[in-house]
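Novice: Sequence:
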Amino acid sequence: MAPPIYSALIISLGLGTTMTFASTHWYLAWMGIEINTLAIIPLMAQNHIPRAIEATTKYFFVQATASATLLFAGISNAFLTGQWDITYTPYTLTSTLITLALAMKIGLAPLHSWMPEVMQGLNLLTGLILSTWQKLAPLYLIYQIQPNNPNIFIALGLLSIIVGGWGGFNQVQLRKILAYSSIAHLGWMILILSFSPPLALLTIIIYILMTFSLFSSFMLTRTTHINSLSTTWAKIPILTVSTPLILLSLGGLPPLTGFMPKWMILQELTKQSLCPLATMAALSSLFSLYFYLRLSYAMTLTMPPNNPAGTLPWRLNPRHNTLPLALTTTSTICLLPMTPAIMSLMPF
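So the sequence shown is numbered by full-length UniProt numbering: it starts at 1 and just counts up by one.
What the hints contain is simulated information worked out from the structure, not anything from laboratory work.
All C-beta atoms, glycine included, are put in the ideal place defined by N, C-alpha and C.
Heads up, a few of these hints could be off.
[Stated by the list, open to error] Label-pair distances were calculated between CB atoms; the ranges are: (1) Thr24 / Leu327: 30 to 36 Å; (2) Gln272 / Leu38: 37 to 43 Å; (3) Leu80 / Pro110: 24 to 30 Å; (4) Thr65 / Pro254: 37 to 43 Å; (5) Thr87 / Asn151: 42 to 48 Å; (6) Pro50 / Pro255: 26 to 32 Å; (7) Lys271 / Ile205: 19 to 25 Å; (8) Val172 / Leu80: 27 to 33 Å; (9) Leu327 / Thr300: 21 to 27 Å; (10) Ala64 / Thr87: 37 to 43 Å; (11) Pro347 / Asn321: 47 to 53 Å; (12) Ile53 / Thr270: 43 to 49 Å; (13) Pro237 / Leu323: 14 to 20 Å.
[What the hints assert, rightly or not] Subject to a maximum C-alpha distance of 25 Å in a straight line, what follows is the list of computed SDA-like cross-link-like pairs (lysine to any residue): (14) Lys58 / Val172; (15) Lys176 / Gln120; (16) Lys58 / Ile41; (17) Lys235 / Trp133; (18) Lys271 / Thr132; (19) Lys58 / Pro150; (20) Lys58 / Gln83; (21) Lys176 / Pro337; (22) Lys58 / Leu124; (23) Lys235 / Met219; (24) Lys58 / Leu9; (25) Lys176 / Thr224; (26) Lys176 / Ser242; (27) Lys176 / His48; (28) Lys58 / Gln173; (29) Lys176 / Pro110; (30) Lys235 / Trp166; (31) Lys176 / Ile226; (32) Lys58 / Asn123; (33) Lys235 / Leu158; (34) Lys235 / His225; (35) Lys176 / His320; (36) Lys271 / Arg222; (37) Lys58 / His25; (38) Lys176 / Leu286; (39) Lys176 / Thr132; (40) Lys176 / Trp133.
Please build the complete structure, drawing on both the sequences and the hints.
Specialist: Given below as structure tokens:
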């Protein structure tokens, strides 16, 4: 893709999300999400292979369905209330429709089935954009509407945690595993959103840090299959140490950064007298932890290299800038001791 076209698409991605962030009118917010969707479709189809075209087509149809539902719910809300204000959704039917449309856009269970298939057809960079930046605008709208009854958020969140962990069990394609990981982490965000929006914001920030560092590691080694992880030591040996730590941080193991949001979410649910819900969420996260451990062992212990003599990759300097990877990896591994400072800064 020509650099000017690529730059225009990236600017359009930023413009669409910024427009949604700045909107208080349903129509303008919907327009920002549409700009975002139309900007990423050429990025998804830039590799002219059948799998990428199939993934782009699936993504387009799912997003078009969700956008039509969102627009219909916004118009219905304006018809019933007489105003287009995003924060004013007093009717249960319209707020539920809006929530489900936005859940389909970001891939929350049970509206998640498109996410792993689409991710499998993309390159790692576009998959990173889909897993992080494309979630921001719909999550902002979900935060704005916040229905009076939080049961729909609880149901979507808990189901996403279970499905995100269960779906990744038998996967060997890293992009599908990352898609299920995204579903599970979104479940944690939605689960706590009704009770503590600042904690949901902290969760998505840490999720973006961890996901960026993991995608960057895989892009650096050009790894897309679990069997390829065993050759990481021959390409960039330091990643054999750092990538398992990133994976364990995504799984939420202490003393890594990923433990912080889960720990605080479980604490907040306990304060809200929702101990059974906190217990179910904690137990369901063990599913996700299993496939993170599986990937970690694939890199370090259980899969020998099996490389014939003389075919090891040359240890050349990487073409990518590794400074962002170094910064995000450090943050992914080492931020847990800063939890008291973060709690003092954010109004939990």
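Novice: State for each hint whether it applies.
Specialist: Hint by hint, here is what the structure shows:
no., hint, in the structure
1, Thr24 / Leu327: 30 to 36 Å, "holds (35 Å)"
2, Gln272 / Leu38: 37 to 43 Å, "holds (40 Å)"
3, Leu80 / Pro110: 24 to 30 Å, "holds (27 Å)"
4, Thr65 / Pro254: 37 to 43 Å, "holds (41 Å)"
5, Thr87 / Asn151: 42 to 48 Å, "violated (20 Å)"
6, Pro50 / Pro255: 26 to 32 Å, "violated (45 Å)"
7, Lys271 / Ile205: 19 to 25 Å, "holds (22 Å)"
8, Val172 / Leu80: 27 to 33 Å, "violated (49 Å)"
9, Leu327 / Thr300: 21 to 27 Å, "holds (24 Å)"
10, Ala64 / Thr87: 37 to 43 Å, "violated (26 Å)"
11, Pro347 / Asn321: 47 to 53 Å, "violated (36 Å)"
12, Ile53 / Thr270: 43 to 49 Å, "holds (48 Å)"
13, Pro237 / Leu323: 14 to 20 Å, "holds (19 Å)"
14, Lys58 / Val172, "holds (22 Å)"
15, Lys176 / Gln120, "holds (6 Å)"
16, Lys58 / Ile41, "holds (11 Å)"
17, Lys235 / Trp133, "violated (29 Å)"
18, Lys271 / Thr132, "violated (30 Å)"
19, Lys58 / Pro150, "violated (31 Å)"
20, Lys58 / Gln83, "violated (34 Å)"
21, Lys176 / Pro337, "violated (32 Å)"
22, Lys58 / Leu124, "holds (18 Å)"
23, Lys235 / Met219, "holds (12 Å)"
24, Lys58 / Leu9, "holds (20 Å)"
25, Lys176 / Thr224, "holds (9 Å)"
26, Lys176 / Ser242, "holds (21 Å)"
27, Lys176 / His48, "holds (20 Å)"
28, Lys58 / Gln173, "holds (19 Å)"
29, Lys176 / Pro110, "holds (17 Å)"
30, Lys235 / Trp166, "violated (31 Å)"
31, Lys176 / Ile226, "holds (11 Å)"
32, Lys58 / Asn123, "holds (16 Å)"
33, Lys235 / Leu158, "violated (39 Å)"
34, Lys235 / His225, "holds (15 Å)"
35, Lys176 / His320, "holds (24 Å)"
36, Lys271 / Arg222, "violated (44 Å)"
37, Lys58 / His25, "violated (29 Å)"
38, Lys176 / Leu286, "holds (18 Å)"
39, Lys176 / Thr132, "holds (15 Å)"
40, Lys176 / Trp133, "holds (18 Å)"
Comparing the model with each numbered hint stated earlier shows that hints 5, 6, 8, 10, 11, 17, 18, 19, 20, 21, 30, 33, 36, 37 do not hold.
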